[in-house]
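Visitor: The lines below spell out each chain.
Protein chains: 2
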Amino acid sequence: MVVWEIVALVAGLASIGVAGYLYRWVMRQENKNEGIAKYSELVQVGAATYLKRLFSVLAILALVITVVLLVAVGWRSAIAYIIGAACSAAAAYTGMIVSTRANGRVAWAARTGLSKALSVGFFSGAVMGLAVVGFALVGMTLLYMIFKDPEVVLGFSFGASSLALLAKAGGGIYTKTADIGADLVGKVELHLVEDDPRNPAVVADNVGDNVGDVAGMGADIFDSYVASVVSVMLLGAALPAFAGNPLYVLFPLILCAVGIVASLIGMVFVGRSKESEDPGRALNMGTIVTALIFAVLAVVIVNLLGFGEHTWGVLWPVLAGLAAGIVIGFTSDFFTDIDQKAVQSTAASAETGPALVILEGFSYGLLSIVPSVLGICIAMVASWLLATQFGVPGTYGVAIAAVGMLSITGMIMSSDAYGPIVDNAKGCAEYGKESEEVIAVCDRLDAAGNTAKAITKGFAIGAAALTVLALFHAYSETVGLTMMNLSSPAVVVGLFIGGMMPPLFSALLMLSVTKNANVMVEEIRRQFREIPGLLEGKAEPDSARCVDIAAAGALKELVLPAVLAMVSPVLVGIILGPEALGGFLAGSIVTGILFALLMANAGGLWDNGKKYIEDGAHGGKGSPAHDAAVIGDTVGDPFKDTAGPSLNTLITVMSLSATVFAPLIVKYALTLF
Amino acid sequence: MVVWEIVALVAGLASIGVAGYLYRWVMRQENKNEGIAKYSELVQVGAATYLKRLFSVLAILALVITVVLLVAVGWRSAIAYIIGAACSAAAAYTGMIVSTRANGRVAWAARTGLSKALSVGFFSGAVMGLAVVGFALVGMTLLYMIFKDPEVVLGFSFGASSLALLAKAGGGIYTKTADIGADLVGKVELHLVEDDPRNPAVVADNVGDNVGDVAGMGADIFDSYVASVVSVMLLGAALPAFAGNPLYVLFPLILCAVGIVASLIGMVFVGRSKESEDPGRALNMGTIVTALIFAVLAVVIVNLLGFGEHTWGVLWPVLAGLAAGIVIGFTSDFFTDIDQKAVQSTAASAETGPALVILEGFSYGLLSIVPSVLGICIAMVASWLLATQFGVPGTYGVAIAAVGMLSITGMIMSSDAYGPIVDNAKGCAEYGKESEEVIAVCDRLDAAGNTAKAITKGFAIGAAALTVLALFHAYSETVGLTMMNLSSPAVVVGLFIGGMMPPLFSALLMLSVTKNANVMVEEIRRQFREIPGLLEGKAEPDSARCVDIAAAGALKELVLPAVLAMVSPVLVGIILGPEALGGFLAGSIVTGILFALLMANAGGLWDNGKKYIEDGAHGGKGSPAHDAAVIGDTVGDPFKDTAGPSLNTLITVMSLSATVFAPLIVKYALTLF
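Those sequence lines, one after another, are chains A and B. Taking our numbering, the leading residue of the first sequence gets 9, the next gets one more, and so forth. Taking our numbering, the leading residue of the second sequence gets 9, the next gets one more, and so forth.
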């Protein structure tokens, strides 16, 4: 077994090493446009300011939780918790550093053509992708090598999740506070264009894109990746069918190592794509190649590992999870695709004003839940049945399917991080007054990012769903619940309260956005009023003040929902008992996934409805239909960038909190029923 | 026991008798304003046309289901099904007849002062309230007296639910098709006022108020009332703890009889209220008086019935249910109250445009889920614990608490039906060009209706939640499931699919509204274009054509969601097994209640936000803030009047369908897991 532990460790270290190499490569790329450089620096400073504040909030929170863990669970979990939070923070920080420095370089590279710019953009994203899987795998493997106890790795996962929750929700509030504030005064009141340098909130808006889409997303995927591995490790150790064979515990770490190798090969494939190719196609082909290589390697390695009669019982679920991820990814954009009926019909409704845009987009958002939920159910049933067919417990099958889906995270995350980087590059090119030609290249890169994003988003949701289901089983194994009976009133009450958590959490985040956006609007108005010559472009705005408002507001508003997420499972467990807590988790998983899909897809649909009109339909830019569609887009922004994406993290954190504090809950639970 | 059966029957017949007496009394009231009479007749004809169409769709659907029941369950259930649908239709029809004839009379009575007009309005509502409880109690009691089998009464309940689903969802689509169509062309394009007689869709809009709020609501409450009684009867017969004692089966019918007596006394109380009194207060006091009388009578009667040591074990849950209904009712309007923060803060956001109105209202709607869900959980836990304390099974406690809550339906429904009648009376008075003074009286009556509505709405949601929970237990008793284990993949998949149904159903209904509203808009534009002199008021619009479009569209769009609701539980049960069906029901109950609360409250909040601005805040009528608030209100309309209120019925129908077809499901279920 030690050989395989070393393999996992080496793969993780290699991933970090390649990330470092690519980072140096990206930094060697030039950017000679001074306007871009200046702008890029403002964003870098703003982002660093925000992250520093975020990490200081994290530090306080982590300290409190560490003390609680020390007292309630043990010193090993407490240490693992700190390491988990630190590794996740390191991954998020790396992503932020590279993305805020890469955007200008991509814009400059676009001068020399698509191929080079694509390479710079993609490899910048790859720094983030490889950092995420590298830090995660090294952290988990080392902790396992030292302590040989999945419970300790669970502490690592909880630490990673705590950071993810703060980063995702905080970034979400930050980015939309800045975005809505900038739009409401800039676009609506003063008719400035997007990214107009006179607008004091523009820098904050662009910082927001980085803190939300890069740092937040990185921490989120780090979190899912680790949680899926940990749930398999816990089940591998706890299920009697495996009789304590450590292979079942180590297995997910080995799969991650295989996934890293496959991702590295896939990245070479993308990096070699030709000038003539569609960059979106190149990214998607990279994902498929990675998946295929992973599948082949997995078949070989699993057969080498000595699972005996269980070989295909663990292998089929891995392959089923991988396939399900790709299928959900490639089909999940039906409701948000600009070429499909949902977007176009909503855009057509814009001719009657904003009300029907909202109604129709919201309705399609509700409808969009159906295919993804069915996909998740099929993946779950398939992996369960495939596992049990070969004598492997079904819960292990579901858990390992989640790891199968997430194994190629290195590649998926790289494609995903590419998106905001090239989006920002376009902003840089406009800010730095580059030629039409350069901007057109950036546009093509950006469109490719959106194509890739549809797939990675589907992957993220599918994987998060299977992961929390696996965690749910890990929780019940840890607590030793043989059943959670829906006929019991405690379980039903748990189900209701858990089901209520995602809407409650969403409400708190979105109300924070509307509250902070109003403060931001006041500040922007004040600057235009009090700084002489600002509107005429003769004076500079106080961007730092806006960055500060967005950051301070986001972090202040974040504390209540974050604490709620971590504390509520423990309270439910103690007051209503461990069985009710099972109901609580199940309820939160169901409504969490429903609301995540609803919000992500409705938001994406409104966004593309607006773009469809901007492309010339229904009167095009400036028409009344466009105004109506812009309102839909503004409503959709916090849906898809604040509340929706935080829900995955919320349900993971709640499941982890329940599992980590299980000993405490079992010991102190009141017996009401 | 026969004595008590006769008591229940007599109480039901008395209720119908008093309803008939009140109907004759209302019809004897005069209306000498010819303008009102003409308008009232248009609405009557429109409403009758719609109901005829609705009943013909129902007839086809009922025929199909009757045949299925005949084959799959037995002839007795099939007959009961038809009777249930017919009784529910009769109640809805009665309500519609009286409400469309009473509105003009209320307007005329307003000439002689508040007291008389309040009496006419309230007693018109009482016709509906008493018809609902009367038809329901007589139907159930007779079926039980003849067959002595709760399973047969279950067929009656399923019949009532089928009609309720059609009436509620169809009415919801109809009313908002007409409303949005009328507003978009009338108010937005041509700047006509509300209820302008030149607008071809005005009659359809007012017909819609009657078919949605009166007929739909009546069928809905009929449905909950019957379902709560049936679930107790089923549990009373099935639970081993009661050893086949028929008293436990008959008990809910006796409680209904007590509730009718209490309601009749409460009505006298309201009818005697003085001119000087606040009519809203009179209605609420009527509810409280009814509840107190019911409580006293229930204590006396239950002690007479011979429950022995179980006496307080059945009594406490009844009283807890009643108290919970009143508490939820009186507190549930915090988020929609015009004097509270949520409405006022959303109205303030209107100054920045419609986007923040939508976001903030939606967020408060999400937040509004919390207190009601906690209230429902507390009611459930309390009734469970109070029952088990005295040796009564907890499931019976929860079920009988729902009956306790719904026992005073006669009074609740009367107050509720009063609302749309006086609302329409105001429209009549304006249409008939009555004096300012008369319109002011109608305004006061209308405001009282809104106060009462907040409470009845809370009641309806609380009661529906407890009822479906009771049905859920009745289902598992009927199928003989001792447990539905959340660790089983089948149950989890059921939970997901069930949880997905309410959003899917909402999406289908709301997309129907947007689709039909677009057709309506075209027709209204066509009439203004092609009918010479229409805009100048020299020609009459073709109102019948608009009524027809709304009706045809609603009934066409209704079939898919209605069939889905009835068929999906059977499919899930057969494909994934009875245990998964339990998960399906639990999932649908949780998300159904969440979405029902979200949509009802967000819709109510936007409505009142608009009214708050119309009362003079933020620039008042015609200001940009008002325009923004109108958009919020238009989005909220299908939330609160189409999708939201149909969800209660949806989850009841699905629970009933599962229970009715339980024998079929158990027999043919595939064994996948």
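Hint data in this document are derived by calculation from the structure and do not stem from the laboratory. Keep in mind that the hints are not guaranteed to be accurate.
One copy or two, it doesn't matter: identical chains are merged, so the pair holds either way.
Said to hold, decoys possible - Under the rule of at most 30 Å between Cα atoms (straight-line distance), these lysine-lysine pairs were calculated in the DSBU-like manner:
#1 Lys-46 x Lys-441
#2 Lys-619 x Lys-564
#3 Lys-349 x Lys-629
#4 Lys-40 x Lys-675
#5 Lys-441 x Lys-675
#6 Lys-619 x Lys-60
#7 Lys-349 x Lys-523
#8 Lys-564 x Lys-156
#9 Lys-619 x Lys-195
#10 Lys-156 x Lys-195
#11 Lys-619 x Lys-282
#12 Lys-156 x Lys-629
#13 Lys-619 x Lys-523
#14 Lys-564 x Lys-349
#15 Lys-629 x Lys-195
#16 Lys-349 x Lys-156
#17 Lys-282 x Lys-564
Visitor: Now tell me if each hint is right for this structure.
Guide: Each hint tested on the structure:
no., hint, result
1, Lys-46 x Lys-441, "within (13 Å within a copy, 69 Å between copies)"
2, Lys-619 x Lys-564, "neither (34 Å within a copy, 33 Å between copies)"
3, Lys-349 x Lys-629, "within (21 Å within a copy, 37 Å between copies)"
4, Lys-40 x Lys-675, "neither (64 Å within a copy, 76 Å between copies)"
5, Lys-441 x Lys-675, "neither (65 Å within a copy, 73 Å between copies)"
6, Lys-619 x Lys-60, "neither (35 Å within a copy, 45 Å between copies)"
7, Lys-349 x Lys-523, "between (35 Å within a copy, 13 Å between copies)"
8, Lys-564 x Lys-156, "neither (39 Å within a copy, 63 Å between copies)"
9, Lys-619 x Lys-195, "both (16 Å within a copy, 29 Å between copies)"
10, Lys-156 x Lys-195, "neither (57 Å within a copy, 71 Å between copies)"
11, Lys-619 x Lys-282, "within (28 Å within a copy, 61 Å between copies)"
12, Lys-156 x Lys-629, "neither (61 Å within a copy, 70 Å between copies)"
13, Lys-619 x Lys-523, "both (27 Å within a copy, 22 Å between copies)"
14, Lys-564 x Lys-349, "between (41 Å within a copy, 21 Å between copies)"
15, Lys-629 x Lys-195, "both (13 Å within a copy, 26 Å between copies)"
16, Lys-349 x Lys-156, "neither (53 Å within a copy, 54 Å between copies)"
17, Lys-282 x Lys-564, "neither (48 Å within a copy, 53 Å between copies)"
Consistency note: the structure conflicts with the earlier hints numbered 2, 4, 5, 6, 8, 10, 12, 16, 17.
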